Every structure is written in structure tokens, then in C-alpha cells.
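As they're listed, the protein sequences go chains A and B. Position 278 of the first sequence, counted from 1, bears residue number 278 in this note's numbering, the numbering being contiguous throughout. One rule links them: number in this note's numbering = place in the second sequence (from 1) + 1000.
Heads up, a few of these hints could be off.
Stretches of chain B that chain A covers, calculated by requiring three or more beta carbons in the stretch to come under 8 Å of a beta carbon on chain A [claimed, not checked]:
id	stretch
1	1396-1409
2	1419-1426
One side only, chain B facing chain A, incomplete, derived with CB under 7 Å [unchecked claim]:
id	residue
3	A1015
4	W1412
5	A1449
6	L1463
7	G1549
8	V1555
9	A1557
10	F1564
11	E1624
12	T1628
13	F1630
14	M1635
15	M1636
16	I1637
17	V1641
Just a sample of chain B residues kept apart from chain A, beta carbon distances all over 10 Å, derived [what the hints assert, rightly or not]:
id	residue
18	F1456
19	S1466
20	S1631
21	V1676
22	Q1695
23	S1698
24	V1717
25	W1719
Because the hints were derived from the structure by calculation, they are not lab data. Every value quoted in this text rests on a predicted model; they were computed, and no experiment measured them. Each residue gets a CB set at the ideal place from its N, CA and C atoms; glycine is no exception.
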Amino acid sequence: MTPAISDALPTIGLAMLQVAGMLAVAPLLKAGIRRMKARLQNRQGPPLLQGYYDLAKLLGKEPVRSETASWVYAAGPRVYFAAAVAATMLVPVLIAAAPLEAAGGILLLVGTLALGRFALATAALDTGSPFGGMGASRDMTIAALAEPALMLGLFTSALAAGSLNLGGLVRNVLQHGATVHPADLLAFAGLFIIVIAETGRIPVDNPATHLELTMIHEAMVLEYAGPDLALVEWASALKELLYLTLLVDFFLPMGIATSASPGAIFVALLAWAGKVFLLAIAVTIAESTNAKLRLFRVPELVSISLGFAFLALAIRFL
Amino acid sequence: MMPLGPAGGLPAALALRIGISAVTLLAVRRTNAARQLAFLGSAIASIVTGMTAAAVLQAGSPVHGVLLVHEASQFALTYTVDGLAAWFLAVLSLLAVPIAIFSVGYVGQPHFNRRSVFLGVAFNALLGAVEIVFVAGDVITFLFGWELMTLAMAALVATEHEEPASRRAAYLYLVMSHVGTGCLIAGFMTLSVASASLSFSTLLSGVAVGPVRDGLFALFVLGFGVKAGVIPLHVWLPDAHPAAPTSISALMSGVVIKTGIYGIVRVCAFGLGVPRLSWGVIVLALGGLSALLGVLYALMQHDLKRLLAYSSIENIGIILLGLGAGMMALAYGRSDVASIGIAASLYHVLNHAVFKGLLFLGAGDVVTATGTRQIERFGGLLRRMPWTGLFFLIAAMAISGLPPLNGFASEWLTFQALLYGFRSSTQPLVHFLFPVGGALLALTTALAAACFVKAFGISFLALPRSREAAEAHEAPLVMLAPQAFLAALCVGLGLFPGLVLRVLEGVMTSLPGLQPRADMVSGGLGMISGFRAFDHVAPVVLGTALLGGAAVAGVLAAIGARGFQRAAERAERAEQNISADQGEGVRGFQPGGEALARLKASRSRRPRRVPTWGCGGELSARTEYTATAFSKPLMMIFRAVYRPTRQVEALAEVSPYFPQEVRYHSEIEPTFERYVYGPLVRRVLRMADGMRVLQAGSLHAYLAYVMILVVTMVLLVWWRG
């Protein structure tokens, strides 16, 4: 075995562990938010394990595809899933280094997620159903509007930390200690809006509806069934968990393990779970206290986020 | 590799082009042979050019020479292939060779019959002219090549001259190009007076000083900006691209408009001395404007070639964003930061040539197969043209800036230039332009992705939207092979950006005042922009991770499928047991024929195919989402830019509540054409009208003009002498 490969082995192992762990937790987050939302509405809500039941059910179904669709239709969910998995390897979760730090930083992460979106939106046009086109069109529109705000928000934090590399960024934030700069609060608020938009939550999109006037992501994947749909659902859940982890990394990475000792990692696991849980509560509250916006009101919401990002940048560097 | 030394390569290529054109014209009656000779010969000449460029890039030392000497005056047309010229020549040859081979098939179509010889000759003339522009060593050579290029292009745009639209496009192109050339001549004359030389080596060594420099900068930006299609000088571009035959459009977008970029880099960034900060700001602003408006207009186009043309404007904008950031960094003396910006723009020049060339060739296939350029009349082409579709998809993903393809690599580098510019800038306030540029670039990239999801998805997926699309056939191998080559380049240039940067390092060290950091090009596979590991990228690693992710997806789907099969088998067995218990037939232990078939079907790994749900109605091309509908949300959101108008007309016979037919017409306002060029043209015409007094047709008046002129000149000489 050449040294290059043996050097890469721990990295590959860490990457696989992280992907497996995140994939395992992701359905819990989605069901958890649904349950909390139900509780706020005085409903019982689905069990916490519902996400897993759904995935198991979908995976075990007969694969069914439209007869008008081509190979692009089958490739869509797979590329979407692969992009989410690859993106997971680029983000530090429990250790202050991304497993695949060698690949790149924030720009690559955003690009990878865009790759998944492109694949799914293209595939949605393949069945000939008007719903797919509608969903693809709306999804790409909102993504296009969210992109500058997302980038600017990320840049503000990254420039303050002096690195676009996610691992380096976390380490820099840890080194300088937690300073609550007003710019951080603004940038966080801006990015939180973008996370809501990108993960298809109210007030931008409603994950619980199948009404053609309101749905975006669900319209895009309406034709999918069985294992294909399971891949899409799982990747979406993973993406949501990833966005929340990203917020944690950017603004409150404290507690993340800086060494590979089991104790530190255990502490990091608890800290990460706690912070993601808090963010999930925030998402739940945002979903429960807002009404879904009309599609053409979404740009206003996104421009608020863009404004926050600009303000943060100005406060930080003026 | 070098039967021709680098010194002889370029004249050899030009001589080859002239010779081929001459022989082609002689063989005009044997259309087939002439066509093949012209295009294959042009491919060979482009390979020779490419080898010269490669030799210069490898050796790192420029090649000088003389193209032609006028015996009587001893005036020589000189050429110089330095790093920058070699880079653009390399881009040219990488694109010109596949296009030439594509053209052998494309121009062979019956409707080009009598024009194929003309196209072959003009193709060679155009490429030769562009080569002269890139290597010109003095003003005369440059302007000769520039003018030849303009004329060849105009002729090519007017190939289908019986169409009024083609004639108009060619005319518009000629007029705008000549206004630009006028600016260039004025600029070069000022410079040559200041330096008392026509040679670029002295002329472009920063001879101008003081406020003249700003005037010169403005002249050159105008002159080169027209050719590059920078907004607001772009109006010729979206008309010229669809009018020209496809292989010419590909060349136009990939190489010819890059001559404008070449000029801006050569003259504005490095030829007028150290650029001023305001110049960088102007280039950055023009870049941001072109990028955003270019992609916004591209989104609204439903003519595939027009869409691609507007997207070229967008990419010129992206190139200028990198260049502007580089110029600003040069202005405040950070040559290491500047080299990131310059490298980003040069990298994007190459990438845009590759993916836009590929997109145009794919569009050529589609237009040939269907006979229309309207996206709304395509649909379902992927099944009928699988290879064209695959290559088009790769190019669409590359142009959308998706990793690990090449568009991402250069856009990544552009982001780095903008962020570094922000970090290293000492200018208060001005340095906020960098993140604004970054936000614009992010918006542009995301909108481009939306645009190309539309362009690919509506054209190639789902059901055919017209009879022509349903009867389309795949293009022949001679047209597909060049596309395969370009698609491979899209992937290769994206996966190995370090190798591209290594070549670019040589280009940058050859430019005055530019010094890339050593660690920027240290990686072979990845890119590092330097500075304490600020950021780096290694697309190969991401590619591997993506493959891993796809493998996981495959495994999950397979596990699911196996689970389903087991369940199906269990159900089958249970059914058999039931039927056995009921004692149906004597062969109770053997599965029945129908059940066996179903079991086999469920065991085969192919998913079941069912019709798409048509919302209760019948699914047809009429129920599909259209390109207009796809881009409608963005039209509504950016209505301040588009100022759309729409007309809905319901034709009813009995009652207005039961329309027989609804006609929907929507269009966006051509802002620049209407509010910038409209008044301009009117004013010019009015002035021309006023001038008619001078040119009244009276011979006496003309004689009087001559008289006045002679007297004035005599007086002037007498007064001076």
C-alpha cells in the first residue's frame, strides 16, 4: 500500500463515519420538528421514529417510473443524494475539521448543494407532468434569489474568521473565543432566513402540503415513488441537518472536539445535539407563527436577509 | 512535436489558410471536395497554431517575427507570440479544431449546398484574422487583422442574406464594429504620436501620462467593449449569433468576442501603465452589469441560439469581474492579488470557449434535426438524440458553475479574487465593491443554473412538443465526435484546475507588474489562492466523494429492491398456498403461468413503467410546462428590469365565458434598444440630415469647397513656413 493511500485511510474512515452518523440522525430531525409543531398546535403528532418508518416503507416499495421519463429521471435523485452526502463530508460536525477538508471550503459546499438542486430540478421536468415543471421553476427561482444572500452571509463570517475553509473557520472562531459582535447577530439572522428558504420551510414553502398553488419542493418530486422518493426524502433531511450544523459551526462552534479523544468527542456530540435541537425549536417556532408567503412575496423576505448580510459586512469592516 | 519550430508556426498556419482558401475557390464546382478541404485544412492550420502556442507557453519566452515586408518603404508587418497571445491562441485552437470537424458534417447539409464553399473560405479568413489580432506586433498589423475579422464576420452573419433579419444583423454588426474600430484608431494614433512608434512593444509600455490616460482608457474600453459584447454595447450580439450558421456562432461566442477581452487585457490593464483604481472599478461595474443583465435576458429567450448569445454576454461579464478585481488590485499595488483576478478571467476565457462552443454545437444538432430554433417546439429530444443530449447536459452543468466541472473552477477563482481584493484593499468604501461583485456573481451563477435547467429540460426531456421534435434524428458521428471532445474538456478542465493554473502562471509572469504567489500553483490537482491557507479546492476529491455518495444511493436502492422482491415472493408463495389449499387444478404445486410471469417481472431489476398522471386529463405536449411558464416567476420578480407587457385575447363565438381560443402574447421591453440606441440613432440621423446642406448635389458648391480647402492649406503652409 502506498503511503498516500494509507494516509488517506483515516480521512476516508472519518468521512464514512460522519456520513453514516448524519444519515442516521437526519430523519429524526425532520420527524422531531413535525412533532414539536404538532405539539404547538395541541396535536399528538407522529412518533419520533416516523421518519425511519417512512423511509423503510418507501425503500421497500416496487420501483415505479413514468413511461415518458428518460435516464435523467432516475439519475436526479441519485445525484441529489450523492451531492448531499458529499456536502456532509465538507462540514465539521463533531471534530473541528471537516473530514474532506482537502476538497475545499464554503464555495465548494455551496456548489455541491447547487449540483444536487440542478439535478433534481432537471429530473422534475422529465415526466411531462405540469407539477414537475412548476416545482422546478419555483425551486430554481427561490434558490437563485437566496444564493447572493447566502454567499454574502457566509462571506461576512468567513472574512471575519479569515478563512473560507470550514475547518479553518471553526478553528479560528474557537481560537478567538466567543465574542458577540452585532455583526454576528445580523449575519445569523440573515442566514437563518436563507436556511428556512433553502430547506423548504414555512413561510417560503410548506413541506406538509400537496396543493398546487403553494407547494414548491413537493411539486418537484410529486411524480417520484418508492426507492427514488426515499432517496430524495433522505437527502432532503440530510441537507436540512447540514444547514443547521453549518449555522452551529459558523456562530457557536464551542464544544466541538479539537482532539480525537473519546471524551472530547462525547462532549462534542452532546453539545452539537443540544445546539441543533435549539435551532430545530427555532425552525418550529418560525413555522408555527408564520403564514406561508405568496411566491412573489418571497423576494422581499430574501432581500431582508440580503440587507442583513450587507449590514453585517458594513458593521464588521467599515 | 516540432517539425515547425515555434518561430515558423504562425506564418505557416496563416499561409496554410490562404492556400486552402485559394484551392477551395478553384475547386468551387466540386462542392463536396471543396468543403472537406476547407474545413479539414482549417483544422490542420488550427493545430499548427495550437502547437506554436503550446511551444511558447512551455518555453516561456516570446516568439517574434515578420509576416510581410513592403519592399519600397521597408515597412514590415510584425508579430509577437508572447504568453498572453499564446494563451488566446491555445483557446482558439482548442475550439477551432472541433468546430472545423463539426462543420464538415454540418455544412454538408443540402440547404448550404451552394454556400458551403463560401462558408469554408470565410471560416478560414475569420480564423486567420483572429490569429493576426492575437499576435499582432504593431498597430497596422493589428488593425488589419481587426478589420479583416470584422468583415469576415459580417459576411458570415449574412450567410442567409435573403432573410431580412440576417441582413439587418450583419448591418448592425458592421456599424457598431466600425464605431468601435474608430475608437481604437483614435486611441492607437494618440499612443503612437506620444511614443513615435507603431510597434506595440514601445507603444504599450505606458507612454501616456496625465489625464490623457483616462481618455485613452475610455476609448479602448469602448472599442474593445463593442467586440466583447459588454452591456450596454451588446445590442449587435444577440442578433448576430442566431443569424449566423451554428458553427460560426460557436466560433463567434467562443473565440471572436474574446478578441475584445484580449484587447482590454493587453491595452487597458497592461498597456497604459499601471491602471488607476477607477479603471478597475469601471471594468468591475461593467462586468457586474453584463453578467446580471446578460443572464436575466437569457432567461427570457425562447430562441435557443439567442439564449446562448445572451448567456455569452453574461460570461463576458464574469470574465470582466475577475479582470476588474485584478485591475483594482494592480492599482493599489498588490500584484499577488491581481494575479488571482487575471488568472480567473483568463481561465474563464478558456472555459467559456469550451462549454459555450459545445452548447452551440449541440444547438446546431437540434436545429438541424428539427428545423426550428424555438425551445417551445422541442421536447423529448433526449430519447431521439441521446448523445447530443448528454453533451448538452454536461455543458449546461458546466456553464451553471457546478462542481466538479470547469465552470465552477474559474468561478471559484473569481470569488477568490473578489474576496482577496476585499481583504487586501486599503481603500475605504471602494473595497465594498468587491463583496457586491461577489453577491452579483452568486446571483448570476444561480440564475444561469435556472436558465440552463430550462434550456436543457424543456428542450430535451418529457414529450415532444411538435411533430418536428418527434421526428428528430441523432446527428452523424462527424458532428458528435467534436462534441464528445469538448465535453471531455469540460470535465477535464474542471477536475484538474492545478494543471491549468500552472500554464497560466507562465502567462502571468510574462505580463508586466504581475507576480503570482508561488503557493498558488503548487498543487497539481487543486487550486490554492495562497495567503495562509485562506481557501483551496480540489475538485478531484469532490468527484470521488460524489461517486461514493452515488454508490451509497445505489446500495440503498438495491437493498430496497431486494426487500421488495422478497416481499413479492412471499406474497406469491402465500397466493400459491392458498390456491393449492383450494385445490385448483391438478398441478397445484406448480405456479401458474400468469403468476410466474409476474414473479419474473418483479424479479427483473427494471422498474415498472406507468403513464404519468395527467391531473385527470390526458397527458400531452399541451399539458407540459413550457419555457415561458418556467421563467415566468423570474419575469415577475425582475419586472423592473424586463417591464413585461402581455396581451391576452379570448376569441369567443357565443359568450365571452366560453372562449373558443385564447391567444397569449407576452414580451419584455428591449430597454437598451429603445431608450439608448433609439434616441442615439435618431440624433445621428438628424445630424446627417443637417449635413445634407453641405452635400446638396450642386457642382458649383463642391468646386467652391475644393477652392476653399486649397486656399486654406496654402495659407497654412505660408503661415507656418
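Checked hints:
1. With a cut-off of 8 Å between beta carbons, the stretch 1396-1409 of chain B has 6 residues touching chain A; three or more are needed, and the interface restraint holds.
2. Counting residues of the stretch 1419-1426 of chain B whose CB falls under 8 Å from any CB of chain A gives 3; the rule of at least 3 is met.
3. Taking 7 Å as the C-beta cut-off, the interface hint given for A1015 of chain B is violated, the closest approach to chain A being about 45 Å.
4. Taking 7 Å as the C-beta contact cut-off toward chain A, the hint placing W1412 of chain B at the interface holds, the least distance being around 5 Å.
5. Look at A1449 of chain B: its Cβ gets to within about 5 Å of chain A, closer than 7 Å, so that hint holds up.
6. A hinted interface residue such as L1463 of chain B counts as satisfied when its beta carbon comes closer than 7 Å to some beta carbon of chain A; here the least separation is about 5 Å, so the hint holds.
7. Interface hint at G1549 of chain B: satisfied, since its Cβ lies 3 Å from the closest Cβ of chain A, which is below the 7 Å cut-off.
8. Hint status for V1555 of chain B relative to chain A: violated, with the closest Cβ pair at about 11 Å, above 7 Å.
9. Taking 7 Å as the C-beta contact cut-off toward chain A, the hint placing A1557 of chain B at the interface holds, the least distance being around 4 Å.
10. The criterion of a C-beta within 7 Å of any C-beta in chain A is met by F1564 of chain B, whose closest approach is roughly 5 Å, and the hint holds.
11. Given hint, E1624 of chain B at the interface with chain A, holds; its Cβ is 5 Å from that chain's nearest Cβ, closer than 7 Å.
12. Checking T1628 of chain B against chain A: minimum C-beta separation of about 10 Å lies over 7 Å; hint violated.
13. Hint status for F1630 of chain B: holds, given a least beta-carbon distance of 4 Å to chain A, under 7 Å.
14. Using the Cβ-Cβ criterion of 7 Å, the hint placing M1635 of chain B at the interface with chain A is not satisfied: the shortest such distance is roughly 10 Å.
15. With a cut of 7 Å, the hint placing M1636 of chain B at the interface with chain A holds, because the nearest CB-to-CB distance is about 6 Å.
16. Hint status for I1637 of chain B relative to chain A: holds, with the closest Cβ pair at about 5 Å, below 7 Å.
17. A cut of 7 Å between beta carbons decides the hint on V1641 of chain B: the least distance to chain A is about 13 Å, and the hint is violated.
18. A Cβ of chain A approaches the Cβ of F1456 of chain B within 10 Å, the least distance being about 6 Å, so the stated non-interface status is violated.
19. A cut-off of 10 Å between C-beta atoms confirms that S1466 of chain B is not in contact with chain A; the least separation is 14 Å.
20. The non-interface label for S1631 of chain B is inconsistent with chain A: the shortest C-beta to C-beta separation is roughly 7 Å, within 10 Å.
21. The Cβ of V1676 of chain B lies farther than 10 Å from every Cβ of chain A, with a closest approach of about 26 Å, so its non-interface assignment holds.
22. Q1695 of chain B, annotated as away from the interface, keeps every beta carbon of chain A farther than 10 Å; the closest lies near 54 Å.
23. Separation of S1698 of chain B from chain A is adequate, the least Cβ-Cβ distance of about 63 Å exceeding the 10 Å criterion.
24. The non-interface label for V1717 of chain B is consistent with chain A: the shortest C-beta to C-beta separation is roughly 63 Å, beyond 10 Å.
25. Remark: the non-interface label on W1719 of chain B is consistent with the geometry, its nearest Cβ contact in chain A lying 61 Å away (cut-off 10 Å).
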